[in-house]
Structure formats: structure tokens, C-alpha cells
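Just so you know, the protein sequences line up as chains A and B, in that order. Basically this note's numbering = 1-based index in the first sequence + 7. So that you can map any letter, position 122 of the second sequence is 107 in this note's numbering, and since no number is skipped, the others follow by simple counting.
Keep in mind that the hints were calculated from the coordinates and are not lab data. We put the beta carbon where it would ideally sit given N, CA and C, even for glycine. A couple of the hints might just be wrong.
What the hints assert, rightly or not - Label-pair distances were calculated between CB atoms; the ranges are:
(1) G93(B) / Q220(A): 35 to 45 Å
(2) R111(B) / E116(A): 35 to 45 Å
(3) K114(B) / R135(A): 40 to 50 Å
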Amino acid sequence: MSTIGKPVIQGTDVPVSSESAADGTPAMSMHLASSVQRIGLDTKPELAALMARVALGQDRDAFRQLFVTIGPAVKGMLVRQGADRGTAEELVQETFLTVWRKAEQFSAERGSATTWIFTIARNLRIDRLRREVPWQELGEDQNEQASDDPLPDEQLSSQQIQTRMKAVLATLPADQTEVVQLAYLEGLSHGEIAEKLKVPLGTVKSRMRLAYQKIKSSFQDAS
Amino acid sequence: MSISHHPDDATLMSFAAGTLSEPFAIVIASHLEMCGHCRETNRSLAMLGGAVLEGAAPEELSAGAVASLLARLDEPVPVNGHRIVKGQLPDGSARGHAFPEALTRLLGGGLDAIKWRHVVPGVEDRLIKFPNRRGVHTLRFLRAIPGKELPEHAHSGSELTLVLHGALRDGGHLLGPGDVSDMDDEGTHSPVVEGAETCVCVFANEGASRFKQLKFRVLQKLIGI
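Just chain B, with the same shape it has in the complex (with noise of 0.2 Å):
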């Protein structure tokens, strides 16, 4: 099986201008590392930022410019201090996709670096928030056993889900690891997990997602998701 739901060409466009946000821009890259296919697109839409770079209006560089740029040149390298560690997913995930460095160098290790918080019996989340200049948009983990329906919720932005391990109908679609659904605003949709794996995935958020089911609304007013 390969991946067969990819994020919007729109969205990769903005990736390779640099234009996503972050939570945004973590699930993209994410993406990347486990789909060839938008490898390929995004190699295609970063040599376009090269084209219109080479086409943008110069602006003079000042006078000292280049000799402080040269004067630079043997300066020693400074050290990159990121701990990079290789998580991997439970069990080896469907497609025998190594869980993705984006994901790792955020949260410093791999699935069993979250640490999950209870929302409802079989479901548990861990949500990170990255405010902007437009506000915050936020990145949500989600596992969940199967046969479970997320809570159905509203967003009032673009949502992009990408599953980690397991399964997920949202919709009509299956979504398998590495398989991206990527929403505009005003969604409404409660996907359910499917098969008999325990399903991760990773949501990010453009403003807060609003449950709703009552006892949804509850808790996310009592506990904050």
C-alpha cells in the first residue's frame, strides 16, 4: 500500500515559500519524509522560489557588505546543539515508515516521548500550542483504540491530519500512515478509527477546535483542549 491522500498543492506552495505556520509546516515536513510523490512537488515548487528569486527587485547591499561578509569566512562553525533522536512507531507501523525527524526534534524523542493526557476512555491526546503574529495555532496528538469516533468537532481554520500508525475513516477516506487530509475552514467531521490497531495521529490547527457533542464541550471547557 502506498500513501494515497496527499496535502493540497496549495499548501505544499506555501511550505516551500516558508509561509505555514509552524504547527503547519511540522505536519508538512513530516509528510514529506514519508511520500516521494510530494518530495518530488516540493523540489519542483522550491526551484520556483528559486526562479522568482532571481527575478525579484534587487536592493543595494551596503557599503561594507562584502568585506564583513569575507571577513567572516574563518570564523569557526558554530556547533548545532539539536539532540536528534530516532524514534521509531510501535510495532513498525503498516508501511515500515521511520517515525519523522520533524516529529522528533519537537518533542526530543520518539511516540513514547509524549506524554498523553486522558480525554475521554480509549482516547488520549497531548496538545502544543505556537502563538504567532496570527494568533495560535496548535499541534494535537491523538491516539486512539479502534472502533473509536473522535468527538466530532468544528474548527474555525484549515486543519491538516496526518496519521502516524493505525487507521482512520474521516469521511469517505481511509487514512493510512503517512496519509495527509487537508481541510479548509469551517469543517465539521468526527473520523472514527479503523482496524484493529490503535490509531496516532497528529492534527495542526489554525485557532481553537470547538467539540460538538455536550460532553465534549464539557471537558474541553473543564481541561482545555
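Next comes chain A alone, as it looks inside the complex (with noise of 0.2 Å):
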């Protein structure tokens, strides 16, 4: 797609509507059933609520059980990123630990315990690639605070929208959720799975921009 000589421009940058088929071999299909399966029989609604006892109440115990549960997934994301098996277990380590130390920040409302987990061990990450270079004078707290403004659907809890999410994310084509999962669990840049694929550039962003929009269109369909 070329844009040359103008910027992209939300709203009239229409994605090519062939994009949206599915054309994933045989292979990716296993491997997306595979993922859609453990997402499907994720039953994690348990989660929430231990959250919501460690951000009230700092229960100890209820902290143990969300690292237990969900700590395993965070660091299978760091090692898929390519950390090694300490650096990965330090980075769950560190993530956990921010999580309690910053648990009075969280809020249900704002948003579901797995996206600010989630959010803290991508700026964890972040922050330790880098260490290995001179600049590195991005704020600590950047990102992690809930944010204040409203949610797309106040009559939604975030728990219920956590739960919608996985269930769009379970209905995208292919070769939308393929780019979805290398970004967000490899930790690759648009040029990465580009080179990874063999496809040029814009296919990567289209297909992103359609599996984002699905998101969109099905929060707004509910509401």
C-alpha cells in the first residue's frame, strides 16, 4: 500500500476488503486451534477476584493465587520474546512484585486484571532492552496507571469485556490472529513480521488494522 507523500489518515485509510479472508495453511490453522481451544476453555473468572482482594485488602494469600494462575502464562510471553528461562523468571518476578506494590492503583473498573498484568510486564520488558542502550529516560509509572477516562461501555464490567475480548479474538481470521499473537506474545515490530511472513509491510498493518476494527465493530454491535 503506498502512501507516499500523504499521511494515513484514520477513518479514510479503508482496508482492502480481500484482506479479511482467511488464507492460513494448514500448519497456522493447527496452531490457531490450538490457542483458540486454550482460550475457549479458559476459565478464569476467578481472577478478577483475587485481584480485587489484593488491591482492597492486600491479602497475601490471594496474591499467591494470582501469581500461581496467571504468573506461568506471563512467563511463557517473556521466554516466546526470547528471554532467557532467569531473565524471564526475574521479569515474572519484578512483574508481581509491582503488582502488589502498586495494587491500590488498579481499578475493575477501568479495566481487567490480565490487561494491567499484561501492561506491567510489557513495560518491565521494555524497560530492560533499554538498559543496553543510552537513552532510557522514559518515566517508570509510564502506562501503568489506570487511566481515568471512561470505559467504551460503562454498562460493560471489565470483566465482562475481558470476556467478550477473547471471544472476538477467538473469531478472527488466521491471518489476522497470526499477527496479533506475534506482536503482543513475540514482542515483534511491524517489520519483523513482516520479514517473518514473507509478506510486504502493509499487509502486516492491514491485517491489524481489520482485526482492530473487528474488536471495534463487536464492542459497538453489544453496546
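Hints in hand, dock the two standalone chains.
Laid out in C-alpha cells, this is it:
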């Protein structure tokens, strides 16, 4: 997609419709089937309750359960992003220490526990990477604080939104799920994803846009 | 007037996933401070991250992980030593935005903390380089007087522009404070400062931009812009 000489403008930048067709290879579909199944079978409603007990009552037992329940997934994500097991273990510990220390900042009305934990783990990973380069002056608190903005639909609890988000994720076409997973789980940039999948950069971006459009419209339909 | 030019959703997704290089992440973080529409998008995209995380293949924690974590809960919390200075745009921006904190953290102050460098009459800049595993990405602040055409340049990778003050016409688009232009690679353009106010903007770049006109190319060679 050429955007020479003109900025990409949201709203007028209509995605190519042919991109929405699933064209995953059989191997990809199997990989997806397993991840979809994991998402489908995922019954972690207790996460919200555990997080609430940590946030409101500094409940150590709830914190331990939270760690045991979601910690392995955080470590799995960090390993897929290229951290060796020692570093991944260390970052998981730091992530949950941050969860404990900032628990009072967590607000169930503004986001789910896993979203918050994902954001903290992401920021710690970025911070770790930046220690290797001369510029690393970004504040530690960036983007960790719960936003004050209203939720897209105040009628839905954050847990309901998260459940719906997982449902939408499970119904995305294979090629869109693939770019989402490569970005969020493997931590790859647009260019790295394009290289890995051997598709043009514009195709990666267009699949991401389509995935987001699906998410957005599913929440709009629901409200 | 509200913000009318937003980053590509794909760029916002990469920001939420944490895969943008630092200069691009700084520009997006700055735009998010100024744009409620994109904050909402970012919130949805962060939730997508939470949903993806719940489906991530788990990796077994080490045997002593629980005990060692619980033992650390009473450790004193390290003090955040960052100096936060609330900067302000000169003579108040058109839409009353405060100077973004993401930029304040980087500069250690507001616009007055920038050490400008003369480029050509009426145009000053400040370049900050961010080496990373993909090469050197840059953040360039640019300040130019009304009517000034910024040097036409071609860039080898993506470019993200955020207007902080004044107005910039880029191609057919008029960008005001908070507006973003999100360009794919291989673009060539020469934005012009519009209106009566000095324009201040910041560009995140993948790879060095290359000016097309000879006089700028000579300058680029001499002073390394």
C-alpha cells in the first residue's frame, strides 16, 4: 500500500476487503486451533476476585493464588519474546512485585487484572531492553496507571469486556490472529512480522487494522 | 477544533504490544496525552493484550518462585528518582494542550529545555539518536517560522510526525497541535509551516532521512542532520 507523500488518516484509510479472508496454511490453522481452544477453555473468572482482594485488602493468600494462576502465562510470553529462562523468571518476579506495590492503583472498573498485568510485564520488558542503550529516560510509571477515561461502554464490567475480547479474538481470521499473536506474544515489530511471514509491510499493517476494526465493531454492536 | 489526524491503528496496536522503538513510542505516548479518541483505542488494544496473555502457553515457574516472591513483599519500595517538570507551550497552544509529559521526561523540561541548532535561516532542529537492535532510530524536534518550507526529504523507513505548536501543511493535510502524520516507508515530502505562528513539531524516524535538495544534502553532510 503506497502512502507516498500523504499521511495515513484514520477513517479514510479503508482496509482492503480481500484481506479479511482467512488464508492460513493448515499448519497455521492447527496452531490457531490450539490457541483458540486454550482461550475457549480458559476459565479464570476468579482472577478478578483475587485481584480485588489484593487491591482492597492486601491479601497475601489471594496474591499467591494470582501469581500461581497467571504467572506461568507471563513467563511463557516472556520466553517467547526471547528472554532466557533466568531473565524471564526474574521479570515475572518483578512484574508481580509491581502488582503488589501498586495494587491500590488497580481499579476493576477501568480494566481487567490480566490487562493490567500484561501492561506491567510489557513495560518492564521494554525497560530492560532499554538499559542496553544510552537513552532510557522514560519514567517508570508510564502507562501503568489506570486511565481516568471512561470505558467504551460503562454498562459492561471490565470482566465482561475481557470475556468478550477473548471471544472476538477466537473468531478472528487466521491471518489476523497470527499478526496479533506475533506482536503481543512474541514482541515483534511490523517489519519483523513482515520478514517472518514473508509478506509486505503494508499487509501486516492492514491485517492489524482489520483485527482492530473487528474488535471495535463487536463492542459497538453489543452496546 | 479537535484533533483530526490520528496514528494508524496498526501503529497503536504495536504501541500497546510494546514493540515500537523508543522514539516512536514517545511520539505515540505524547499523542495519547492529547487525544481522547486514541486513548480509547489504546485502552481496547491493551485489553486485547490481556486477552492474548490469558491464552499464552504457560511456562512452569521455578520451584522456589512462590516463596522468593512472597519473601520480597515487605522489601522497601525503591524511590522513583525521575524529575517531572510540567512544561508549557509558548503563548499557549491553539487547543490548550499542556506539553506532553512523555516529552518532558525525555527533555528534562518543556520546549525551553531544547538546545536548538541552526539549520537554515528560520529553521532550527534538535536531533536525538536512539540506537537499538534494529539500527539507529531518531527523534527530531523542529522549529520553523511561518511560511517556511521544511527541507524536502526522503526517508528509508516509517516516519511519525506530531505537531506541538502552530500548524503544518503536509501534502493535502493541515496538521495542528496534537495531530499526527503516520507515514509508511519510502515517502518523500516537504511540509510547509502554515498560519502566523512558529511551528514546533517532532518527528520519529526509522533510519536517517535524506534531504533531496543539494543545499540541504551538503548541510546534512557537514553537520550530520
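Here is what the structure says about each hint:
| no. | hint | in the structure |
| --- | --- | --- |
| 1 | G93(B) / Q220(A): 35 to 45 Å | 39 Å, holds |
| 2 | R111(B) / E116(A): 35 to 45 Å | 41 Å, holds |
| 3 | K114(B) / R135(A): 40 to 50 Å | 20 Å, violated |
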